[in-house]
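Visitor: Work out the full structure: start from the sequences and follow the hints.
Next come the chains, spelled out residue by residue.
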Amino acid sequence: MQKFRKNTVTIIFLLIVMLGITGCWNRRELDTLAFVSGLGIDKAREPGKLQLTAQIIKPGEIKAPEAGGGGMGGSKPYWNISQIGNTVFSTVRAMTLKSNRKLFFPHNEVIIFSQDIAREGVRKYIDFLIRDPEFRRLAWIVVAKDKASEVLETKTELAKLPARNIAELIKARSATSEVSAVNMQEFLTRLMSKTTAPIASLIEVSAKEKTAQLTGTAVFKDDKLVGFLNKTETRGLLWVINEIKSGIITVSCPDGKGKASLEIIQASSKIKPEIKDNDIHITVEVKAEGHLGSQMCLEDLTQIPAWNSLEKRQSEAIRSEVLAALKKARQLNADIFGFGEAVHKKYSRLWKDIEDQWDEFFPNIEVTVKVESKLRRSGLTVKPPRPE
Amino acid sequence: MFGFISQKLRFLHVLLNRERNKQDNHSPELTQATISRNLDQNLKLFKDILGTSNDIIIREFSFGRDRKINAALIFVDGLIEKTTVNQSIIKPLMYDSHLFSLDETNVSSNIDYICRAMLSVGEVQKTGSVEKIIDGCLYGDSVLLVNGAREALVISTKGWESRGITEPKTEAVVRGPREGFTETLRSNTSLLRRKIRNPDFTLEVIKVGKRTRTDVCIAYLKGVVNPRLVEEVKRRLKRIDTDAILESGYIEQFIEDAPFSPFSTIANSEKPDVVAAKILEGRVAILVDGTPMVLTVPMVFIESFQTAEDYYSRPYYATLIRLLRFLAFFITILAPAVYVALTTFHQELIPTNLLITMAAAKEGTPFPAAAEALGMGVIYEILREAGIRLPRPVGSAISIVGALVIGEAAVSAGLIGAPMVIVVAITSISSFVVPSQSDLTAILRVVMTIFAGFMGAFGIIILLLWVLIHLSALRSFGTPYLSPLAPLSFSDLKDVFVRSPWWVMLTRPRTIGWHDPQRQEFKLNPEPPPEKPEE
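Here the protein sequences come in this chain order: A and B. Note that this note's numbering has the first sequence beginning at 1, numbered continuously upward. Note that this note's numbering has the second sequence beginning at 389, numbered continuously upward.
Please keep in mind that the hints were generated in silico from the structure rather than gathered at the bench.
Under 8 Å between C-beta atoms, here's a sample of chain B residues computed to sit facing chain A:
1) 740
2) 746
3) 747
4) 750
5) 751
Per the computed footprint, the stretches of chain A lying under chain B, defined by three or more beta-carbons under 8 Å from a beta-carbon of chain B, are:
6) 30 to 39
7) 98 to 111
Per label pair, the in silico range of CB-to-CB distance:
8) B/437 - A/7: 45 to 55 Å
9) A/303 - B/715: 51 to 61 Å
10) A/331 - B/715: 56 to 66 Å
11) A/316 - B/741: 40 to 50 Å
12) A/15 - B/401: 28 to 38 Å
All values derive from a computational prediction rather than experimental measurement. Note that the Cβ used here is the ideal one computed from N, Cα and C, for glycine as well.
Guide: Structure below.
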């Protein structure tokens, strides 16, 4: 009995201790939380201050009213709350002065920097986002061509929330591979690399329709925005960094009487650095496989000469895209491809000498692009629909 | 606290003992008393003991060639079969006795003669013990007292109104035998004997209950069962020194290993095929007169998830259903708790779309999630209890009230969120999948929900660990409760998460039937017939 009592006391003691050492603990009912789905960071009009816009989901209104209910007054299913402040953290806290519910960030899907904030440098803002436990590293990093708060106000047709819409646009980008998709984790990896330049998706609000659309890639040098890649250049970049999922390559038919579209099915790439005679040489090897997706000419492209010519054209198109991206990167002097890291990995001893002068090296590195592409199938038909 | 309670209990025990010893002061006499030669004296004695209840019939008559031998038949009306008494006892004695030459002076040889030659009844016992006579009389036997004999004949004439063998309501099956145990011990043992036609199948009867003198029968298969288990069962049964045993639940609570545990360590069943299967695995069954619920020991936790039908249907489906049962068990103890923990502590773990839906349902409801879960749980238990107790015609009203008022109206009135109703509904339906643990799951579910309401997933984990530790410490008649999982026995995993085909189940459970481990021969799997040699 004595032993039993002693054990009980020990167990109760341990349970109490366990309660204390588990860290943050709080009981919050669902209806005391404001779920943030998107966060935009802008410059405030006052110099030195920032304006934070959080898109809060209104759960009661996001559910479609049930049949017979009519409409719930047609109010927006979200609420964009804005606040001006000195730091991100203090501004987030200051938002609780306007919102009766506590802002809750784990369901945040996008973080949007406005162009002027990005040009100024994002490091000081992103610090809070990685320090606070509520933010997910899976949120997409987006740069708005103009103001971030405008992006969160855009009209959406199928999605109910602008922020969710943007996140879904970014996820859907793999159909074209013309826009880069970078989440916070990847952005940080690049931000913390000495040579690799961070990139982010670029978003624009069309003036007429007030809808958001992805238009390319924002390129950072260190933590500051330096320029943009258009869609072609972006795909060139994605070819090199092995991020191509799918996409359409349009080439002209071998007979020159129309165009053919090739669908990318599989792609992979390798960056092979080499140092010869104190010269850095990089070989980019791209392997791609595609289908013939559509043709607008009447030629039977499945004949071997035409097919081979088509494959060649495909390779050429890929090559030109990569070269375009390379040209832009050299122009911006931003190592978006991670060539520096590749050299670092292979020549770790020599790297120390190169490291600090990488900015001088990069624009002048000799890059060879080797593309090996294949066409595999021609869809359900062989010849185009034409009378024989 | 337990210490305090057990101290009080012990004190009470001493008090009661003293009281009872006073009351039972005549019983030692009775156990040793024997009847005398004088019939009148004997009749007076039995009249004294049996009292003046009008269902006790004392039939006095004379027989012999000259009707000179006086005798009396004592029986309890309603417990005996009248035709047997009339045709096989009274008739031969009164009409046919004059055909026999009975020595009217040497009566004790007469009684042997009567026993051997005149009574056409199967079971007759000769005894002089007053206690045995009374016992037999009260259990439907007829007692024949003959003047001048020192012994009486206890003639088995049991036969009373009883419920027929019907399909048990608690363990319905689609495939398998439909018969169930009844309230009569003898018919229950016969059901078992019919399943196990083997001389090794042994039945032993112990009388338990000072006042009710209830027959408690232990059944086992000699050679398969561990003899020490039988001994231990007998020891625990003999320990019981109580007034009355009205149901096997009484026995269960007197002999179980962990009386304070919410887990029951003794299994019960209403189906002879289930009990027979358990006996064949090396378990001991305890049958109690007056109840169809038969206990089997030892019990392991996994037994709750095994049903008779698993073994009758083909293995694939049986395995699937068994896994489903494990899932349902976890749903029924965890679903409300996990729901509460997720919505009040770990909102980040819910996928965004689901969270929005849940938050929309929560919008405007007045109670915290934990209170919602507990309240709905209580209401559900009330509905369930009412549904069981109410007379059948009214029963349907309960389901209407339950489904419409509690579910639909409460949601549309904004008192509780719809997801919570769904969670409680799933929980309650799941609880019926593992019926043998349903009382445990009801308790555990409530405690889980309270813990989750206070501490979230952390609380759930604490409680789950506590339950796991407790389970691994439990034993049922020497068998670890979690066996064959802990301690792990690989060969027994054939019948835990999967139900292997019968030809794979070569051995009995190692912790239970190890006295004769092999159940069948190897290589019994069906094979194509051997090819005929070419001629």
